[in-house]
Every structure is written in C-alpha cells, then in structure tokens.
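*Asks:* Just so you know, the sequence shown maps onto residues 5 to 289 in the numbering used here.
There's no promise every hint is true.
Capping the alpha-carbon separation at 20 Å, the derived lysine to aspartate or glutamate pairs in EDC-like fashion look like this [what the hints assert, rightly or not]:
(1) K261 x E251
(2) K194 x D151
(3) K39 x E78
(4) K68 x E78
(5) K119 x E78
(6) K194 x E118
(7) K196 x D151
(8) K73 x E251
(9) K26 x E62
(10) K201 x E118
(11) K182 x D151
(12) K175 x E117
With beta-carbon atoms standing in for the labels, derived distance ranges [said to hold, decoys possible]:
(13) N177 x N258: 25 to 31 Å
(14) D29 x D225: 46 to 52 Å
(15) R192 x Q86: 35 to 41 Å
By construction, these hints were calculated from the structure, which means they are not laboratory data. Backbone N, C-alpha and C define an ideal beta-carbon position, used for all residues, glycine too.
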Amino acid sequence: MNKKLLAVSGGPDSMFLLNKYKNEDIVVAHVNYNKRDDSWVDEQIVRDFCLKHNINLEVLNIEKNHNYKGNFQEEARNIRYQFFYKIYNKYQCSELLVAHHLDDFLETCLMQEEKRVESLYFGISERIFNFNMNIFRPLLFSFRKADIIKFLNTENIKFAIDTSNEKPIYKRNEIRIKIKQMSDEEFRQKIKYFINKNTQNQLILENINREFNIWKSSNFDCAIFKNFKYQNQLIFKLIHIKFKNIELSKNKINSIKQFICSTKHTSSFLLKNYIYLKKQKNYII
5 MNKKLLAVSG
15 GPDSMFLLNK
25 YKNEDIVVAH
35 VNYNKRDDSW
45 VDEQIVRDFC
55 LKHNINLEVL
65 NIEKNHNYKG
75 NFQEEARNIR
85 YQFFYKIYNK
95 YQCSELLVAH
105 HLDDFLETCL
115 MQEEKRVESL
125 YFGISERIFN
135 FNMNIFRPLL
145 FSFRKADIIK
155 FLNTENIKFA
165 IDTSNEKPIY
175 KRNEIRIKIK
185 QMSDEEFRQK
195 IKYFINKNTQ
205 NQLILENINR
215 EFNIWKSSNF
225 DCAIFKNFKY
235 QNQLIFKLIH
245 IKFKNIELSK
255 NKINSIKQFI
265 CSTKHTSSFL
275 LKNYIYLKKQ
285 KNYII
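Between the sequences and the hints, there should be enough to build the whole structure, so can you do that?
*Replies:* So, in structure tokens, the structure goes:
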C-alpha cells in the first residue's frame, strides 16, 4: 500500500509536485470550484498532464451556484479534503501529498503572528495525520515559489495562475504579496526566526505535556489548574483536543483562564457560534 494521492489544482506549486512524482505510483485528485470563468483551464492542464503520463485522475466539479455557508475558504477546504479522503480510501493510498512550500510556511507564520494566535508551533507541519489521512508536504522546506516558477518555465510545463491570489481581498493574500516583495535576506531571517521559535517551543513541550497529563488525570480540576506554570499552553491544548476550528488569540486565552480560575464553580464560556466550554462543580467537562 504505497500508492500516493497528489492534490493538484493546476497551479504552479501542485504542477511542480506532480512533475516531481510523475514516475511513481500515484493518483491525482483535482477540485474545480467553478468560481472563476476560466477555472476550466486549470482542470484541463491537469487532465492533459495526467493523460500524457498515464496517471489516474479523479475530478470533483462543484456547481457554479453552490451555496457556501459562512466562510468560503473554510468550507472549500472541508469540501476538498472530504473528496481527498474518498479517493484516498478508494485507491488505498498510504499518504496524501500537498504542494505547500517555504513561502506558504512563512505566510502561515505571519498570519498566526498578526492574529496574535497563541501557538506551540508556527507555520505548517511537514507531516501530519488529519482528516484520517497521512499528509506529507515534500516541498515545504526545500523550495521557494520563485524557484518553482523558474523551473516550470524552463521545462515548458504548463500551469494555471489564479489571479485572485494576487488581489488583497483576503488577509492571507495581503501577506502573500508582502512576502513576494521581501528581499532574499529578509525572507531567510524571517524563516530562521520562526524555526528557532519552534525549536524553543519543542523544548518546553515535554513539560507542557507532563502538566496536561496531571490535569487530565484530575478530570480537569480547576483548582489544580491554578498551580500550573504553562496555563496558556494547557488551555490551547485542551481546546484543540475538545473542539475543532476554534481560533485562540491571546485575549481569548486570557478570558478562558479567568473563566477557569473564577469562583463560579458551574458556568459556561462561549468559544464560537453556540460552542461552549463548560465548568461543573469546578471541573471542566
């Protein structure tokens, strides 16, 4: 069971990834959201490459008038990964490969920093288990966007450009444009800074896990919580174990800390859209 599933949008990053793995045992998954009038071009580029190299391709086409509830990017991601999971199982794949690279790593770091997100890890992980799949990002620490574009142009490999990525309509796009304007030295220093932060966080992670296990064995007793050194990190870990898609700013973590340490032994804390953290008889439940 060594077949790899490649997520390929038709953009430069994923076409670079596809070219890199074209001679291995792979299957390709492509999602066409039909949000742009020219999105068929992206799909055709992927189809042509897979046909030329005799690669199995699975395509999901979303209706143009699909009703996205809430945040488009968040829902689009969920649709995409549900489809990937279906194909992953169909072909009994060992891992899903996605084309994130160094620019994406820094982009995520800067997003976290700007949102003042309390995190034990900055950026994107090279290997994770998510959506019930082993996910691997082989380009993450090896390639920059500019290097990818240069290679594709030199080798005459077709790729699509999503022009909406160049427009500052989302915060992520603003940061993407900012990274593009950085000098090589500034880029290197930023990467070094966040990798060092991750290394430092790794050193204290063992102590955080030890405190968390003590708290967990007490059934999350609020009285015991008051004695811990890494309270912010324990809250971060607790919330991400109990709930999905909850963003935690420093202010929110401080509010949760006040909630846990308050003299009210039975109460609720609103995390997001009817999702509550609950305290009963001074225990988090």
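*Asks:* Would you mind marking each hint as holding or not holding in the structure?
*Replies:* Quick rundown of the hints versus the structure:
{"no.": "1", "hint": "K261 x E251", "in the structure": "holds, 15 Å"}
{"no.": "2", "hint": "K194 x D151", "in the structure": "holds, 18 Å"}
{"no.": "3", "hint": "K39 x E78", "in the structure": "holds, 15 Å"}
{"no.": "4", "hint": "K68 x E78", "in the structure": "holds, 17 Å"}
{"no.": "5", "hint": "K119 x E78", "in the structure": "holds, 17 Å"}
{"no.": "6", "hint": "K194 x E118", "in the structure": "holds, 14 Å"}
{"no.": "7", "hint": "K196 x D151", "in the structure": "holds, 19 Å"}
{"no.": "8", "hint": "K73 x E251", "in the structure": "holds, 19 Å"}
{"no.": "9", "hint": "K26 x E62", "in the structure": "holds, 15 Å"}
{"no.": "10", "hint": "K201 x E118", "in the structure": "holds, 16 Å"}
{"no.": "11", "hint": "K182 x D151", "in the structure": "holds, 17 Å"}
{"no.": "12", "hint": "K175 x E117", "in the structure": "holds, 12 Å"}
{"no.": "13", "hint": "N177 x N258: 25 to 31 Å", "in the structure": "holds, 30 Å"}
{"no.": "14", "hint": "D29 x D225: 46 to 52 Å", "in the structure": "holds, 51 Å"}
{"no.": "15", "hint": "R192 x Q86: 35 to 41 Å", "in the structure": "holds, 37 Å"}
Of the hints listed earlier, there is not a single one the structure fails to meet.
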